[in-house]
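J.: Below are the chains, spelled out letter by letter.
4 protein chains.
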Amino acid sequence: MTIGIGLVGYGYWGPNLFRNFRNNADCRVIGIADKKVETREHIAAAFSDILAFEDVEMLIALPGVDAVVVATPVASHYDIARRALDAGKHVLLEKPMCATSDEASDLIERAKRKSLVLMVDHTFLFTGAVQMIKELVARSALGQVCYFDSLRVNLGLFQPDVNCLWDLAPHDLSIINYLIDDELIDVEASGYCHVNQVAPDMVYLTLHFRKNCIAHLNLSWMSPVKIRRFTIGGTEKMLVWDDLDEDQKIKIYSSGIHFQPEEQRSMIIPQYRIGDIHSPRLRKTEALNGVAEHFADVIQGKVPSIMAGNEGLKIVRTLELAQARLDNNLERVRSQRDKPL
Amino acid sequence: MTIGIGLVGYGYWGPNLFRNFRNNADCRVIGIADKKVETREHIAAAFSDILAFEDVEMLIALPGVDAVVVATPVASHYDIARRALDAGKHVLLEKPMCATSDEASDLIERAKRKSLVLMVDHTFLFTGAVQMIKELVARSALGQVCYFDSLRVNLGLFQPDVNCLWDLAPHDLSIINYLIDDELIDVEASGYCHVNQVAPDMVYLTLHFRKNCIAHLNLSWMSPVKIRRFTIGGTEKMLVWDDLDEDQKIKIYSSGIHFQPEEQRSMIIPQYRIGDIHSPRLRKTEALNGVAEHFADVIQGKVPSIMAGNEGLKIVRTLELAQARLDNNLERVRSQRDKPL
Amino acid sequence: MTIGIGLVGYGYWGPNLFRNFRNNADCRVIGIADKKVETREHIAAAFSDILAFEDVEMLIALPGVDAVVVATPVASHYDIARRALDAGKHVLLEKPMCATSDEASDLIERAKRKSLVLMVDHTFLFTGAVQMIKELVARSALGQVCYFDSLRVNLGLFQPDVNCLWDLAPHDLSIINYLIDDELIDVEASGYCHVNQVAPDMVYLTLHFRKNCIAHLNLSWMSPVKIRRFTIGGTEKMLVWDDLDEDQKIKIYSSGIHFQPEEQRSMIIPQYRIGDIHSPRLRKTEALNGVAEHFADVIQGKVPSIMAGNEGLKIVRTLELAQARLDNNLERVRSQRDKPL
Amino acid sequence: MTIGIGLVGYGYWGPNLFRNFRNNADCRVIGIADKKVETREHIAAAFSDILAFEDVEMLIALPGVDAVVVATPVASHYDIARRALDAGKHVLLEKPMCATSDEASDLIERAKRKSLVLMVDHTFLFTGAVQMIKELVARSALGQVCYFDSLRVNLGLFQPDVNCLWDLAPHDLSIINYLIDDELIDVEASGYCHVNQVAPDMVYLTLHFRKNCIAHLNLSWMSPVKIRRFTIGGTEKMLVWDDLDEDQKIKIYSSGIHFQPEEQRSMIIPQYRIGDIHSPRLRKTEALNGVAEHFADVIQGKVPSIMAGNEGLKIVRTLELAQARLDNNLERVRSQRDKPL
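Protein chains in written order, with the working numbering: chain A, 1 to 341; chain B, 1 to 341; chain C, 1 to 341; chain D, 1 to 341.
In isolation and in its complexed conformation, chain A is listed as follows (with noise of 0.2 Å):
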């Protein structure tokens, strides 16, 4: 059975979910549904087979839309999901899921109650990079995970409605919690304001997991360079994901961390394995397209979900606590520099 797919939203990302889920074999893409009455020109121009639409109501309500598929701007997301979970829709957000955990806790109940697939686009879990990861750290081939460094910096783009910890954080959110099963017991956030007073444009986060892991994320909208650097430190290796470097994005180095016995800590120099290293060819296919594959074959009941609506809060949850203390470092700092020298 063909699901008949109804997109919101078809700005910077909705043309790619809307190639993605059209090249997809048990998708079909019904209608779009934009605000803007030259996308919806555009849109009736280019494909004489899909419907564009002003209002997601009359979306939502098509009887062909089995799916609903939201890419607009995060403040929109509650309310369009609701919808479509009230009209027993099911539900892809973009990433960020939402604006507020209570948000994304509502929408995972309502969806929960009619037995809906409510699920967000965390699409970097379908890259080659990621899977690969994925399949490394399953296995335990990097030993125990240690840490995660994440560089993902580059320069612009300024979203209106979201600042840099939530314009960048979950793609790495995302990516630490597919790749290990632990608890965060801490966030410690700093950044800075540089160009507009409320929306910080350079964060840095240090989250601390139960099982002795850490994780730092430097995020900058203000980087000169494009940087998309994740590094994974290991007791048996260590592991750097360079997602700009076409000819080896992965490299592992077969350079663990030894760990000493307990008591022997303090006083033992500590020893390092130096030695090769290693790069995995990695599937070049398209990451989106493994989103609309993986969303239809939830729908299906193919397959579990890798990134279904508690995932989504989870990171929420994340964004809100780091916002939090990013937040009151900010006005600490402001306070400050307010005194007098």
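Calculated directly from the structure, the hints in this document are not laboratory data. Any given hint might turn out to be false.
No copy is singled out in the list; a pair is fine if it fits within one copy or between any two copies.
Lysine to aspartate or glutamate pairs mimicking EDC-like chemistry, simulated, CA-CA at most 20 Å apart [claimed, not checked]:
| hint | residue 1 | residue 2 |
| --- | --- | --- |
| 1 | K339 | D26 |
| 2 | K226 | D247 |
| 3 | K249 | D276 |
| 4 | K134 | D242 |
| 5 | K134 | D181 |
| 6 | K226 | D243 |
Owing to the predicted nature of the structure, the values given are computational and were not obtained by experimental measurement.
Since the structure of chain A is already known, use the hints to place chains B, C and D on it.
T.: Frame of chain A; chains B, C and D shown alone:
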């Protein structure tokens, strides 16, 4: 007049200091003190004109010794420097200057009383890269400096008497202090102890300065790759200094952070100027040679010091503050971790 | 007046030509001819306004078709282009222009007789990189150009109807001819056939030009890594164009070849100026879009062609000469190899 | 028994040889001969235990000198080596071995007659990289070696007594000869003289070997960037050695050239295995230290020489052949250039 040099400590860094002071026309190395007998035997065999001592006092007491250069573990800095100053000898200390700010203050006071030169070897200040950056910042070529971001990571080497913070941060702190004239108003520090429970091996620092400038330092002994990457964001241009890139150590990006007038900041989308990249050619002389020359010049009254004792003290104070914040955070996280689930 | 476009061949490159001509305001793509029935069915399904033909003649004969764009294997170029020109249609041919210089000359003659535009798609000329280099060379920013050195290697792709020379060399030859106005006086060619005994898969060319300029091309289908590296040595500056470097495609080195006066050359040690590196920002528009625009502009008489038929002919002649030298060398080596030890 | 070493020539390379032989436990450097008086004065001042001579004969004649190491301009190699051999001393010559193959043959004959060791310092053979590659090739880890491709370019340094061919090619020739046991059957050479009309500063060599192997060398003193990139294509794997890449000097690509059976080669499209990349960790000891050790070991009869005089002769013969081809080509091009248009 030639300056007679006595060198204390001939371990890892001492031989480099020896070589550079020996090559300096204004200095003459007279003797070396080192506790290891094999080291003293090696010195005696290799350099017939150099006296080797076990006892630091004897070296300091030599009439021909005008200045004492100290390359011993940091715990011994204060004691050796104090004796040298009290004996009327100028002093050059390796970084970090002392184990505590009290020690550093006391040395400054003693040097002042006897009008002696007290200096700290922050070698990086004499690299072609930092000299070039200083010149650019001094003539406002980057505009107003908005942020520093340093990635200073490698695998090992654990030093027995310092942790990762005291080992690596002095480099960045000395460079930042040299480049901008600003007041530190807040320090945040997080980190982790993987190998040795009392000595952090990964440390993240966020430094806030009074004039709207922020610095972030990612310091680690746990990275599979050595990285020395220092970024400066300015209102006119941004600069990346990759100290391991032989071909292009410094890249200047013609992209600046474009500030909006205060009242418009919250509503206007920022604009970036994206432009060319320029890599200036750098001087290739050895930095430590510049240190020796500078020490001699300051003793001879030719130039004021750019790394005097008060600079060293400032850095030790920052390290103490960061260490206190780090300890506090590590403790909070530990107590979180020990809570029942 | 809109130019009606008929496209012949919708395989690897055809879809790119289609997309760019379709997006060009001065052109309207009317029909496509392709021998494969599945391709024609795909076109019919995807683009309701495009006619699909099996027979090229029918496409050419369409009254609305003013110009024919040919993206078929090179063996068929001459026949299709001849029919189009004889029918009074302008022609854009993929590179290399024809299988022989006789074919190319004949087409030029036919186009001239009917005052039709005959052009070859040397796409690289419309990249931001080549446009920037052309501008630099035109205003002698590099001084006098002394040499070109091209490394154009990758793994596969074997084309059924051309060898590595005819596949890769046209790129470099079109760029060199575009950059300098000089006469080729000698070609040396060596190479090797690893996989297919009649088609070289590694070719080395040395081209000598009249005005003291030399070019060396290292072309290979056998390299484990893709490299597109083009170096220009000038008397004032040198330039490296690395087409796969997204951050710094072009680096200009402030180091020139310093000539001695003729009479002193043999005895004086040369001097190099070593200086800064500069990476200009490049235009990021798609090169093929520029090709479509240029073809339309030339048809409309707005500009003279920078890649007219005679440019294509010049390149085919060089390829023929190089192939002859290559065959000769391969034969000599083969006979050497067959000699008894 | 310690081997007494006499070193001739203390210019650019001599000090490196001195340091490594001085550190070798089996050797003792007794004296150095150099024509420059300042050099001799420097040696006398710095090393009280080393005798410095103007006259090579006096050094050779010293009873304690068992072996003579020659680091003078190539034109003087023959004369010095001949005298040393005739005086019964072992000889290590810098590369290239001699100015002519006749000279080299004569030295080999003299060494043989007196059962003396005659060796050429092809330092690269003792690098961790070449040792690793030799080991891989020896156990056929790359499959059958199909090609070598070397890019060995930099800016300057012009040597007064050799051209770019004789300066740079010996490195590649010694490495190739060390790696494969094959017979050279043809050499093609082209190049250019930019600065000095009699000495080519850019040279391109194509070497054909009997067993279906080809080597291409791109040698230049005219490149704005220094590159040392050596590629080996095998039927199982390909290897890239970038000697300036500190992190990954050697990359092994799991992609081999897949041969078709002879009778099918002309019609079948080749297939490539594309796979992982592996960078083995290399030994980091100084190569020249290995040369000193090897020279001592061969003199002491512990191992056979891997860079004996006949290896040096083989390389000089190839250089002579290449020079003849190069001269021929340069002459033909010059006569073409002088023809009226």
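J.: Now tell me, hint by hint, if it's right for this structure.
T.: Going through the hints against the structure:
Taking the shortest Cα distances, K339 and D26 never come within 20 Å of each other, neither inside one copy (63 Å) nor across copies (48 Å). In this assembly of identical chains, the alpha carbons of K226 and D247 lie at most 20 Å apart whether taken from the same copy (17 Å) or from different copies (9 Å). With identical chains, the CA atoms of K249 and D276 are at most 20 Å apart both within one copy (16 Å) and between copies (11 Å). Taking the shortest alpha-carbon separations for K134 and D242, only the intra-copy value of 16 Å comes in at or below 20 Å, while the best inter-copy value is 31 Å.
Within a single copy, K134 and D181 get their C-alpha atoms as close as 12 Å, which meets the 20 Å cut-off; across copies the closest is 45 Å, which misses it. Both within a single protomer and between protomers do K226 and D243 lie at most 20 Å apart by alpha-carbon distance, with minima of 10 Å and 18 Å respectively.
Hint 1 alone, counting from the list given before, is not met by this structure.
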